[in-house]
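The task is simple: from the sequences and hints, build the whole structure.
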Amino acid sequence: MFDLFGKVMYPVFGIAVLLGYVYCVNRGVELFEADNERHTITGIAGGVGGGGTHYRAPSVFRFGGLGGK
Amino acid sequence: MPLPSRTAKCPNCGAPIEFKLGSSAGMVCPYCRFSVARTGETLEAIGKVADLVPTAPRLTVGDQGMVDSRPFTVGGRLQLDHGSGPWDEWYVELEPGRWAWLAYAQGRSYITFPQERADAPPYEGLKPGAQLKLPGFSLDWTVTEIGQSRLVSAEGELPLPATPGERSRYVDLTGPNGLFGTIDYGASSADAPHIYVGRSVPEGGLKMTRAALGPRPEQSVAAERLRCPKCGGPITLLVPGKSERATCPSCRAILDVDHGTLSAVGRLDERRMDLTIPLGTEGTLCGEKVIAVGMVERTTTDGYSWNEYLLYAGDGYRWLVEDNRHFTYVRDISPSDVNVGMFGTSYKGKTFRRFQYSTAKVSYVIGELYWKAAVGDRSQLEDYIRPPELLSKEETAKELHWSLGTYVPARDVWKGLKLPHEPLDTSEVGTCQPNPVSLAYMGAVGGVLIAILIVLGIIFEGAAGKQVASLPLKLLGPGQAASPDETVVYTERFEVASTTTLEVALDTNVSNQYVSVAAALIDDDTNEVRELYVNAESWSGVTDGESWSEGDANNSEYLGKVAPGRYVMRFDAQWGRESGAMSGEPPTATVNVSVGERSIGTWFLALLAIAAPLIFAIIRKITFESRRWSNSNLSQD
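Chains X and Z supply the protein sequences, listed in that same order. Going by the working numbering, the final residue of the first sequence carries number 102, and the count climbs one at a time with no gaps. Going by the working numbering, the final residue of the second sequence carries number 1092, and the count climbs one at a time with no gaps.
Careful: at least some of the hints might be erroneous.
What the hints assert, rightly or not - To spell it out: a stretch of chain X is covered by chain Z in this simulated footprint if at least three of its residues, at any positions, have a beta carbon under 8 Å from a beta carbon of chain Z; those stretches are:
#1 40-49
#2 57-66
As the list claims (entries may be wrong) - Label-pair distances were calculated between CB atoms; the ranges are:
#3 X:K40 with Z:D999: 51 to 59 Å
#4 X:R60 with Z:G804: 49 to 57 Å
#5 Z:T1078 with X:K40: 13 to 21 Å
#6 Z:E883 with X:R60: 46 to 54 Å
#7 X:K40 with Z:A667: 58 to 66 Å
#8 Z:D999 with X:R60: 48 to 56 Å
#9 X:G53 with Z:G659: 53 to 61 Å
#10 Z:G996 with X:K40: 52 to 60 Å
#11 X:G53 with Z:D999: 44 to 52 Å
#12 X:K40 with Z:Q603: 54 to 62 Å
#13 X:K40 with Z:S1002: 47 to 55 Å
#14 Z:S593 with X:K40: 45 to 53 Å
#15 Z:E950 with X:G53: 27 to 35 Å
#16 X:G53 with Z:A895: 23 to 31 Å
Everything labelled a hint here was simulated from the structure, so no lab data went into it. Glycine included, every Cβ here is placed at the ideal spot set by N, Cα and C.
If you want it as structure tokens, here you go:
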């Protein structure tokens, strides 16, 4: 089974990996992207840098900080 | 100098005899079978020679042919006994005064020419495997056989007078590329040695052009006439005229085949070996038509045994070795073509690794064999491997043989010999079984793939992404901020032209501190938000006298599939020390946002995917070889 893979499937598999890599690059796919959460807001009041916004990002401290050794 | 053709009367019986060949110095009178010596003008009767033993010869006196495109005429024949049956040597003249011996053994023809210089090394110091020089030759010759012969009979003209019953000591030699030689030391050390040098004639190199008139010698033993002398059962010889040993299928008597007559010389032991290849099986192996004529079981001193099937291939003999359900097709090679060196043993430019050695004895024989095999015959064996080939050395006190085997898959044996059923599987690795993993192929394919991936990586990963924002973060401790939004910063609006990745790189100077940033990518058109966190921390200290450090002051996080559009990023950073305490000066932190940047992880994942089968193949190949070499007794030394 592995011999068949080695002789026939390995080149096919390898080319598929290369194509997959090119696909990821060209389509903006990031396999190791950060955990992220999507949602939609109503808008940023006053514009960016206007000193106020309706959108509030969560505080890092809701995770209790990182702490050290 | 050739002597003129001469007709004379036999000094014994007076019948007319004729010396037709100029190089003839002796003759056997065809009427009274007296050996006659020709010395100048005189003829001398030496003594009566025995009748010829019928041996199914290929040639007879008066035949003409071509050897290596040179015409020859058969003048006479010597029949010698080396202790294992008669051996014919044909006296042939190629041109007036130029003569040679032509012999046929184990499927090969040999032609040897007398050498003028005869200073040979002493007979007593020679043994099989020894290397020596011959006068006039710069190459090394290897001793392959040492023995004694007895003149049994003769016919026709001869280059030397035949002395009935004369004994002689001989040493057979081989040289590179099929060279062959014999040193005839005579009966005692008082006799001057005669050296004959020639070579084996390749298949097709010997052709008959004209047959002698008159009846020819018996061509073969009439197989149907033979009956077992013990039980009277019929014996059918598969290779009549060449077999020296046979066994009776009815009473298991071991029979000596002596020129058309059989005599019992022993009896097979009680066990009936269930032969994988029934004797008489015909078929094609390695492109040669063969018939299985005999089988020898050999057993080492520590009890390991295997079977060797003797195959007759029409132009000689082959062996098919069955060892643990693995098969190797074996043929003899010239010992002089084998070079045993310090770093391996080579044959025709190929280097073989020493694999095992043993002392083995013949533990069972059945069928027909071309030598007088006997249970208990011992020899020293050494195997050298270069899968799928096997180089084997077999040595006794008097003989040295080298053979070259080629691994044959069991299914090819079954197919070639049309054997019933299916071959049985084995979990053991054969001595010269080819490794099923072809690293050359896998390596070539994997190398090309990895090279392409590296090129792609240079193109894609090396291309700089576009930095769209770079701004310092506000780091204030709790209570220092006048409002919750005081630590929040925004980037300028930036555009993404096509779907891509985005990198948020956090650069800090933390030391036993951390910085945590809550980031948000805000689509200015759709108001869709993607929230993520980027953290950097660096810790160091001394514990139990050992200093340590961990973490990194810089860190990056990535987002994928960022759609085309206009975006703003929002950052809210906090910092702290151990246990969340904030004291002292806050660290500095800068965030850089780039589009078109991605983690190297995707590239590495692709590399791992391509390399994994290669690594697996390497492991599998090594495992296979480990299993092979676990059967070698070299590692047990």
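Cβ separation of E950 of chain Z and G53 of chain X, checked against the hinted range 27 to 35 Å: For G53 of chain X against E950 of chain Z, whose Cβ atoms are near 28 Å apart, the range 27 to 35 Å holds.
Given coverage of the segment 57-66 of chain X by chain Z, checked by CB-CB distance under 8 Å (3 or more): holds (count 9)
Could you see if the CB distance from G53 of chain X to G659 of chain Z stays within 53 to 61 Å? holds, 59 Å
With 58 to 66 Å as the target window, see if K40 of chain X and A667 of chain Z comply at their CB atoms. At roughly 59 Å between Cβ atoms, A667 of chain Z and K40 of chain X fall inside 58 to 66 Å, so the hint holds.
Please check whether K40 of chain X and S1002 of chain Z have a Cβ separation lying inside 47 to 55 Å. holds, 53 Å
Do G53 of chain X and D999 of chain Z keep their Cβ atoms within the hinted range of 44 to 52 Å? holds, 48 Å
Can you tell me whether the CB distance of K40 of chain X to Q603 of chain Z sits inside 54 to 62 Å? With Cβ atoms ~57 Å apart, the hint holds.
Taking the Cβ atom of E883 of chain Z and the Cβ atom of R60 of chain X, is their distance within the range 46 to 54 Å? With Cβ atoms ~51 Å apart, the hint holds.
Could you tell me whether the CB distance from K40 of chain X to D999 of chain Z stays inside 51 to 59 Å? holds, 56 Å
Range hint 13 to 21 Å (beta carbons of T1078 of chain Z and K40 of chain X) holds or violated: For T1078 of chain Z and K40 of chain X the Cβ distance comes to about 19 Å; the hint holds.
48 to 56 Å as the expected CB spacing between R60 of chain X and D999 of chain Z, which holds or is violated: Cβ of D999 of chain Z to Cβ of R60 of chain X: about 51 Å, so the range 48 to 56 Å holds.
Can you let me know if the beta-carbon spacing of R60 of chain X and G804 of chain Z is within 49 to 57 Å? holds, 54 Å
Against the hints set out earlier in the document, no violation occurs for any number.
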